[in-house]
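Protein chains: 2
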Amino acid sequence: MNYQIQRLRSEMRRRGLDVFVAFQDTRYFTGTTAGKALIVPLSGEPVLLCSRLEQDQAKKGRVKDVRAYSGWKAPLRPGERVHFRDAWMIIADCVRDFGAHSVGYDRASKSLIRKIRNVRHASYSEMPELVPEARSVKSPEELKLARRSAEIVSKGMKRASELIEAGRTEIEIAAEAEYVMRKAGSEGVSFPSIVASGANSALPHAFATFKKLRSHELVVVDIGAVYEGYSSDMTRTFAIEPTKAQSRLLEAVKKAQAAGIARVKDGVPAREVDFAARNFVSRAGYSKFFSHGTGHGVGIEIHEPPSLWPESKDVLKANMVITVEPGAYVPKVGGARWEDMVLVKRGGREMLTYL
Amino acid sequence: MNYQIQRLRSEMRRRGLDVFVAFQDTRYFTGTTAGKALIVPLSGEPVLLCSRLEQDQAKKGRVKDVRAYSGWKAPLRPGERVHFRDAWMIIADCVRDFGAHSVGYDRASKSLIRKIRNVRHASYSEMPELVPEARSVKSPEELKLARRSAEIVSKGMKRASELIEAGRTEIEIAAEAEYVMRKAGSEGVSFPSIVASGANSALPHAFATFKKLRSHELVVVDIGAVYEGYSSDMTRTFAIEPTKAQSRLLEAVKKAQAAGIARVKDGVPAREVDFAARNFVSRAGYSKFFSHGTGHGVGIEIHEPPSLWPESKDVLKANMVITVEPGAYVPKVGGARWEDMVLVKRGGREMLTYL
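Chains as they are written, first to last, in this note's numbering: chain A, 1 to 355; chain B, 1 to 355.
Keep in mind that the hints were calculated from the coordinates and are not lab data.
No incorrect hints appear here.
The list treats identical chains as interchangeable, and a pair is accepted whether it falls inside one copy or across any two copies.
Derived pair list, reagent style BS3-like, types lysine-lysine, alpha-carbon separation capped at 30 Å: (1) 158 / 183; (2) 254 / 244; (3) 265 / 155; (4) 332 / 64; (5) 244 / 255; (6) 211 / 158; (7) 288 / 212; (8) 144 / 36; (9) 73 / 313.
Here chain A stands alone, though its shape is the one from the complex (with noise of 0.2 Å):
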C-alpha cells in the first residue's frame, strides 16, 4: 500500500475512524485527477469513484478498484462496466461493506452527507485539515515532483528576468514566463501569476495587467508551475533604475529573507523563521509594512501546512517543503518580496529554487 494512504491510516486511528472519504484530496492518494471520491477503510482496497467520462484516466492512477458512475443510461462501449446511480449511493454500499461506524471526510456538501446517512446510519465528521496536515512531510517520491516544480518555476523566473525593461506590458512578461514553464512541462500555472509593477507592487495580491514597465519602478514577479499535481511558488523583485528608496527597500526584504532562510531545519517552530525575517524587517524600520505570513507549505495545493506566522503553532518537520517569502508594500515607494522554497532537513535545510 502506498505512503500517502499509510500515513492516512495512521490519522485514521488516531481519531478512531474506520472509513475515511476523500472528495477534495483523490489526487494526493491516487495520482490521477479523475476520482471524484475516495473510499478508504483501515484495511483492504480502498475504492475510486469516477465519472463514466473519466474511467479510462482514473485506471491508469494507484487505486485498483475503480468504479465508474453515471446518473443517465447512455448505451455502453463493448466491455465497459459502469454503475448506473449516484456517486453517493456508491459512498453508502461502501460504508455498509466495510462495517463502517465512525466516518470521517474532507469537505462535502450537506445535502451529499445527509443522504449517505439517511439510508447508512454512522457517525460522519468534517475534518477538513486532517489530509493537509498528514500531506505537509512528504515522500521520496514527492520530493522528485516537488524539485521537478522547483526547477520549471527557476526556469520561468529566468526567462522574466531577461524581459524586465521600461516599456514591456506586465502581462507580456507573465505570459513568456507561462510559456516556458508549460514547454518544460508545467500542467499550468500553480497560481494566478503577478507581475506587479509601480503602484501595483504594492498590492501583495495584485495580477499581471496591460501596464507598461517604466523606470524608477518595482517590479514584483510572483509564479509557479505545476509538475504532476505538485505546485511550486517563486518571488523576485526587479528594479528598474530604482530610487534611493527602492534600493533600501529591496537590500532590507532580501537580507530579511536570508536571516529566516539560516533559522530552517528541523525541529525549529515555524514562528521562529517567521520571527527571524520578520524582525530584521521591522528593524529596517517597515514594521507597518509587512503584513503577510512569512511563509507557507507548498505540495498539492500551493498553501498547505505548516504556515509561517507569529501565531503559528506549527513545528518544521524534516521532508517539509516550504516558502520563505518576507515582503513590504510601502506607498509611493512600491512593494517588494522575495520567495524561495526549501526543503527542510534534519540540521538544515536546501534550497529548491534558484535564479
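Dock chain B against chain A, hints included.
Frame of chain A, contents of chain B only:
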C-alpha cells in the same frame, strides 16, 4: 443596484429569503476576485468581506461597503481600517443588522455555518444552484466580456491549427495556444487545455502530454480562455493524413454539431438540441461512442446551467451562452469533438467562436 444583484433579489423573494450570503460566487456580483463573502439583504447595501491583504483590490469592485478582516493584529498602515475578528463574526453581525430570519447561502463548511447559527438564530439553507441558475441569462455587460473571451479562444485555436503536423508534441501546441490567448488578455485557461492525439483522442477528458503527433491520427484540441472572469470553450478536431474511418467519423461529428446548432433559439428545450445532434451521430453508426452531453452554459464558470443532454429540463432563453459540442470516441479509430460557443437569441442564435 446592478443587474446581478437584481437577479439575485428576485430569486430571494421567490424563495422567501431575507439575506443571501455568497461565499463561492462573489466575483459575479462584485467584479473582483478579492471577496471572501458577500452578504446581500433584500434592500440596502450589500457588504463584501475580504482578507486584509486584498482590501485594495476589493475596493475596486462594484460593492461600496467593503470590510477587511484579519485574525492577526499586525500593525496598521496609515489610514487603514481592519476588523480584527473572524469572518463568521462579521457575517453574524450582518444577519443581525439586516434583521434576517431566513438566510440562504451557496456553499460553506458546516462548521462555519454552525458558528454563525450559534450566535444568531435564523434558518440557514444551502442553495448551491441558486446563483448559477440566476447567472445563466447574461446582461449586455456580461455579453461583452463573453464575446471577448470567445474571440480570444478563437485566436488560440487559430494558432493551434497552424501547428498541427507530425513530430510536434501535444504540450507544445497547448503552450503556443495558451501563450497567444494570454497575450491577448486572457487571465489564464478556463480548464486544463486538451491536446489529445491518436489513442489519447479517444479519452474525452485527456490533457496535453509530451506525445508527438503522427500521421493517420486525429487530434482533439479543446481549449478555453478567461476574460475578466468570463470563460470561453472551443474544440476542433484536426486530422493528419486521416484514414477513411477517421474522415468519416470527423464528418459525422461536424454535421451533428451543425444539426444541433440549427435548433438553438429562445424557448427551445435544451434536450431538443441534444437530440438533433445525438440523432445524427447515432444514424452515422456511432451511438455507443457519444457518451457525454451535447453542451452546457458557460460564463463565470466553465460549466453552468443550462445543461444540454437527453434528460435536461432546461429551456433555452435569450442571452444564454451555451456550447454545442457533440463527439464520438471510437477505439482504434480515435476521437472527434467539435465545439462552439453560441449565443441564444430571440428566434435564433449567433456564433461567438470561429475558425
